[in-house]
Amino acid sequence: MRVKFTLALSDRPGVLLKALEQIAINGGNIISIIHRRDSITSGYVPVSINVEFPDSASLERAKKGIESSGIPVIEAETLEKAICTIILIGGVKIEDLLGRVHEMESRIAEISMTGGLTSPCIKAVIEAPSDKLSALLKSLEDFAEKQGALLITEG
Amino acid sequence: MLRCVIIGYGFLGKRLAKLLAAGAVEGVKLVGVASSKGYIYEESGLTLVDLPDELQSSRALKPSPAIELIDRGLTDLLVELTPTNIRDGEPGLSHIKLALEHGIDVVTANKGPIALAYDELMELAEETGSMLLHEATVGGGIPLISLKNRCLAADELLSIKGILNGTTNYILSRMHFEEMTLELALREAQMLGIAERDPTLDLEGIDTALKLVILANSLMNAGKKLSDVKIKGITGITSEAIAAAKESGMTIKLIGTADENGLRVAPKLVRLNDPICVHGTLNAVSFNFKILRRLTIIGEGAGESTISALLNDIYEVVKARARSSRT
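These protein sequence lines map, in sequence, to chains H and P.
Oh and the first sequence: position 2 is 2 in my numbering, straight run, nothing missing.
Oh and the second sequence: position 200 is 200 in my numbering, straight run, nothing missing.
The hints are simulated quantities; they were obtained by calculation from the structure and are not laboratory data.
There may be inaccurate statements among the hints.
Said to hold, decoys possible - Pairs of lysine-lysine, DSS-like flavour, derived with a Cα cap of 30 angstroms:
1) H:81 / P:230
2) H:63 / H:93
3) P:232 / H:132
4) H:146 / P:230
5) P:230 / H:93
6) P:97 / P:225
7) P:232 / H:138
8) P:319 / H:132
9) P:18 / P:225
10) P:246 / H:146
11) P:319 / P:230
12) H:81 / H:146
13) P:37 / P:97
14) P:232 / H:146
15) P:230 / H:132
16) P:232 / H:81
17) P:246 / P:230
18) P:14 / P:97
19) H:138 / P:62
20) H:146 / P:225
21) P:290 / H:81
22) P:37 / P:62
23) P:29 / P:18
24) H:138 / P:230
25) H:132 / H:146
26) H:81 / P:18
27) H:138 / P:246
28) H:81 / H:64
29) P:37 / P:18
30) P:290 / H:132
31) P:290 / H:93
32) H:93 / P:14
33) P:148 / P:290
34) P:225 / H:138
The model shown is predicted, which means the values in this text are computed figures rather than measured ones.
Assemble the whole structure, with the sequences as input and the hints as a guide.
This is how it looks when you write it as structure tokens:
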């Protein structure tokens, strides 16, 4: 899985190396580093590092390792997206559905509704971070059950 | 010559009896057939003329319970084909237990006893040195259990996913291709004899769940019960949902899944080019093995094809007994 780390490095020699060591010992393969010395703020330099990790557990270990070295991790964004189609049969509020999707840092790429009020059917194509897809589908399952709707996912 | 008795004289029982009486499996002599009305028995072997359409019309009918055939030591091989009862597995469960206790080999297509008491029955078979074969309980004639246990025994089965119920697959296929409503497709299936008059077990996903429990227990040693399966049926599927799936190059199928997250049955979106996406009354099962990876097998999951699985299990018993008598 590919991840973009945004770190706040204090402007001292060797700090970047400490962060890179934590990534390397946890199996991360560094793809690129952007060191933005032009955006230095209060002695901190924002650095973006794109890394390929074998799995989410190694990402979590690297993140903890960087933080325990005293380097703040501003963001660890999963760059790989999973796309899945869902169908919801039954009346649900679209804004509630959107809310559930956004809670999981995901978005609805396409949505359509058929059947009118008598037999409502929503089809949505959802784009989610790969590591959050199963949690999102579980959350949508609970949502559908509470609303008395039937959720059909790919499988 | 193994003396064989069939208990259950319905669709499968009648057809199998005729085949065995005509000598379909060498080394097997059909000596008795039984139904809830009683049994007919002939020590020298029943012939085709001895087998009526309805047992009660036979002058040889003895109006006694079928268990007499087991209790009195009149058989070496029981083929148990009474109707599936998902509440307590009876009367099939008692027939199978009694036979195994007497060291009699059993072949069955009855899902109830195998889904409800698999571990207990297998332990009993092991204790008494008898065989219990049940290929015909899942997927009709598709060799699912023998495929894993004989051809892929050394590989590890990680998950099972499949369409295991021909009735619901027929209904969903008609909704997809003919744009029928579920009610209309169900009525058509009932008229064609594909769906039962009371289709609850099929539509609610319970039949699929029973088969999934049997597969998971016999192929993955899962130790699961029917109550462990999370079940959603197809009664809520609308024409609008099928049309929406179709627009995206998919359709809706009732899928049973067994994996590290447990056992579940639910309607799922399936891509039309997925090998599991079969139509009509066909069944399809995808196994995921540790080394082999994905293997999909497709075939008729009910009716006449089930006879093929029963004959093969009977043949396996004959082969095993011939081997053990030589050693």
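Looking back at the numbered hints, which does the structure fail to meet, lowest number first?
2, 8, 9, 11, 19, 26, 31 and 32
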